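Enquirer: Each chain, written out:
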Amino acid sequence: MSAFDARNLSGIAYTIPFDSAGPDDFERMGGKGASLARMTAAGVSVPPGFSVATEAYAEMLRADGLGAEIDALMAKLDIEDVGDQARTSDAIRAAITRRVMPQAVEQAIRAAYAALSAPFGGDLAVAVRSSATAEDLPDASFAGQQDTYLWVVGADAVIDRVRACWASLFNARAIAYRARNGLGETNVLMSVAVQKMVDARAAGVAMTLDPVTGDRSRIVIDSAFGLGEPVVSGEITPDNFVLDKVLLEIARRNIAHKDFELVVDRASRCTVERVIEPERRSQSSLSDEDVLAVARLAKALERQMGCPQDVEWAIDRDLPPGANVVALQSRPETVWSRKAATRPKTAYATGIEGVLGTLLSPVQIKH
Amino acid sequence: MTQQARFPSPYDLAPPPGAEGWKDLYPYYLTFKDKLRSEEDAKFWFCDAQHWPSPFKPFDAITVEFAVKCLGQYNTRHYLVPPANGVEYRIHNGYCYMSPVAVAPELIADRVPQFLERAGHYFQNWHSLLENWDKKVRANIADMETIHFEALPDAVPIEWIKGGVGLDNTYALTENYDRLIQLLYKTWQYHFEFLNLGYAAYLDFFGFMKSLFPSIPDQAIAKMVQGVEVDLFRPDDELKKLARLAVELGVDAALATGTVDEALAAVGQVTGGDVWLKAWKDAQDPWFNFTSGNGFYSDDKYWIEHLDLPLGYIRDYIVRVKRGETIERPTAKIAAERDRITAEYAELLDDDARAAFEGKLGLARTVFPYVENHNFYIEHWSMSVFWRKMRELGQILQQAGFWHDANDIFYLTRQEIRDVIFDYGNGWAVGAKAAGPDYWPDEIERRAAIMKALATRPPQPALNEPPAVITEPFTIMLWGITTDRINAWLGGDDREGHITGMAASPGLVEGRARVIRSASQLDEIEEGEILVAPVTAPSWAPVFGRIRAIVTDVGGMMSHAAIVCREYGLPAVTGTGTASSRIQNGQMLRVDGTTGEVTVLS
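Going down the list, the protein sequences come from chains A and B. Numbers in the working numbering are just positions in the first sequence, counted from 1, shifted up by 2. Numbers in the working numbering are just positions in the second sequence, counted from 1, shifted up by 10.
Everything labelled a hint here was simulated from the structure, so no lab data went into it. Keep in mind that the hints are not guaranteed to be accurate.
[Unchecked claim] Ranges of calculated distance between the beta carbons of each label pair, as one might list FRET restraints: (1) I257(A) to A353(B): 30 to 38 Å; (2) N497(B) to I257(A): 20 to 28 Å; (3) Q331(A) to Q124(B): 55 to 63 Å; (4) E291(A) to T376(B): 35 to 43 Å; (5) G579(B) to H259(A): 33 to 41 Å.
[Claimed, not checked] Incomplete in silico selection of chain B near chain A, CB under 10 Å: (6) D214; (7) G517; (8) E520.
Here the structure is a predicted model, which means the values were calculated and not measured. Even for Gly, the Cβ is constructed at its ideal location relative to N, Cα and C.
Let's have the full structure, built from the sequences with the hints guiding it.
Expert: Next comes the structure, spelled out in structure tokens:
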């Protein structure tokens, strides 16, 4: 009996939109999908999309004897033999990609994709990413989590890529790792995140502390026209905004001279560098309202994650104002957080002792 | 700071033409002495234009003397604040300059135990001592109210003869004058009983927050500490209530036109008018003991003596009420915002720091209501009564022919007034002419000309060489004078059309400038303008509904202008040093109260 047969999947939704996922759904969405759904629930906008739930993958394995075939191939695997790992991996992945998806699953994905595309008119360009559930793996790449397909357009292509993501769970290193560590194939289920490709009017990064002083009451934003990659990679000098986190006031701004922007070329389904027309080069890539929206987004992320964050964000020109500032990725800030952890404890005097200390030590107020 | 960067010496600052001889108008101990030049020039003096923005008349020097002397006594003699004594002060060309007196480093340690005992007692018993303060100040005001100056009668009352009193009416006149001055002296001693400690506790919280969040805006700290229900705002709140009541009762049309007497008479004719008139009367004591000045000048106008002022504001508020605006201060919103800001900063702290945060904030919030409220009880209420009583005396002496106008009395020093009272009584007793009526009118005219000449020239922001860094806590807190500020005054930031000051209240707006030099010009302000002034008083609040932002020459984070602007949600940049002389009426300005920058756009 296949390890996958035990599941009774009747009545389970195969797809879960990010904005309607509840806490019970998170474990069915894999790490990436759950993170997107959690952010949405916490009031952090992300590019719209849905998860193909783990049950869809399980159903795929169950149908047409796929699970049994995988079990059989795995049973024969010699985990010390690298060549055998590669052959087993190829065989399993071929077994997955050549099979037709169970009809109920396919229909669910088509419906979810159609619903996602509807507000934008026509087939929406999406990113399809694998999102494994085995959060405890020390190196996520072994689980094949990094598989990402960009600029996927049309339901057929989406279905094809979802299957490819499932197959990616069986790359050679991943199966060897799981076999060596006694992680049965049942311990790793695969979800897939399908998410709108961002067509950014402006994008960049935001830090929820001042990277120069470590001041946690500040938010610092770097921003440029178009997509955010040139900002992240440092190819251009971005506009820079410093805000007070609590008052949500812009304390400082420095508008850079920006020569080019990375934009979406819809026809060729890729991004291209475009020279910015002269009159726009020295304009701010963000309005004050945009700056505040980005800051609010970063602040919400920090609160949700419980520590200072380094956020990649974008303003999507396809989305309506008020909902167009989206988080693409958020990571804990490390430099100052590490410093804070190693800093010796300060003894603070309060009451009159505190007052005395203040009167005795030179006071300087910086402006 | 470079060696050459210094302000002029007072000894090189001649008076403006026509003001020669000004020194004789003030007590000998308040002016720079030629003999002491090297000693006086070795000190750094900054102008306190925050409290005394324009030259003051000889009598008005009493406010400088009592206020600054009493400030000093609490540091030096009551609490023995370890590093800080009082503040030396001088008058030069009609303006007031201050120089804080530090305690010699070797003496600081010895003062610590005494400070802990003395100040500690106040911090530990703050509420009960403050209750006692409230009683003392109210009793002191009541005592002042009992003083009446009466013209000398033709004959000593028959009852005094029969009762064998053996004194004449001049005795009471002198005694009452002396008593009034003594009660004022008490007023100012009480004023500082809590103030220095209150600021110090606030400063402790302030410094703590700056150490944890180097870029925290000053106003965020202030917002966490400020009270919501503040007596200082009561007078304005009372006007708002009266405006709303007028609309509710339907007496607003009757109030809308005419002089105060005409309007009140018209209200009396309308149904419900008696209800409004009673409310109007009830609000006056004590809340109309409120000035559109700052209490330090004899010509500050108090509402209770100039009912046209509160009525004018009420008329403005009525218009806004009828437009459907909410004129009341959004106290619930202010309280919620204060809680939100406090919670968000607390959230950013680790456990140890959060415990200290709560302790220091708790103390700051305990002491801060005094810092906010004392102003009503002293500068407004007490000073209202004091100036009123002095005018009563001025009136009697005017009737006795000593001068032409009751307010001319303020062209005399307080010692000279004692002489005048004797002169008046002397003539009366002898049955001959007093000397004053032939002497004072001309002398007053001469003095008035000097005052006018002094007012033609603005003060220097400071005198002599500044210290490398300003570390004196009270200088920074009360006057907003920091090393950065001084550098800016010295021309460190002289970009054309660019003025910097303290970011006192957040927000960014643009609008036309309206430069106001005194409260009497307040009615020139038009809707949507930016108020530019040497200094503002909290009592200017009623015009705050009309303006977009405030820019002042002087004032710190906790200056009255800053407190009120934060309360009203208006952007404010304070302590610019020179904005009111560099900005012209009608210029377009951009005011950034978040960064403290003012830009002249055109």
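Enquirer: Is it true that the C-beta distance of Q331(A) to Q124(B) lies inside 55 to 63 Å, as the hint says?
Expert: Holds - the Cβ-Cβ distance for Q331(A) and Q124(B), about 60 Å, lies within 55 to 63 Å.
Enquirer: Measuring from beta carbon to beta carbon, are G579(B) and H259(A) in 33 to 41 Å?
Expert: Holds: the Cβ-Cβ distance is about 36 Å, inside 33 to 41 Å.
Enquirer: Just to be sure I understand the hint, the distance between the Cβ atoms of E291(A) and T376(B) should be within 35 to 43 Å; is that true here?
Expert: Between E291(A) and T376(B), where Cβ atoms are some 40 Å apart, the hint holds.
Enquirer: Does the nearest C-beta of chain A fall within a distance shorter than 10 Å of the C-beta of D214(B)?
Expert: At about 4 Å, which falls below the 10 Å cut-off, the nearest Cβ of chain A leaves the hint on D214(B) intact, so it holds.
Enquirer: Against chain A, is E520(B) within 10 Å by beta-carbon distance?
Expert: At 13 Å from the nearest chain A Cβ, E520(B) fails the 10 Å test, so the hint is violated.
Enquirer: Taking the beta carbons of N497(B) and I257(A), is their distance inside 20 to 28 Å?
Expert: This hint holds: roughly 26 Å between Cβ atoms.
Enquirer: At the C-beta level, are I257(A) and A353(B) separated by a distance inside 30 to 38 Å?
Expert: holds, 33 Å
Enquirer: Taking the closest Cβ pair, is G517(B) under 10 Å from chain A?
Expert: Holds - the Cβ of G517(B) comes within 10 Å of chain A, reaching about 8 Å at its closest.
The earlier numbered hint that this structure contradicts is number 8, and it is the only one.
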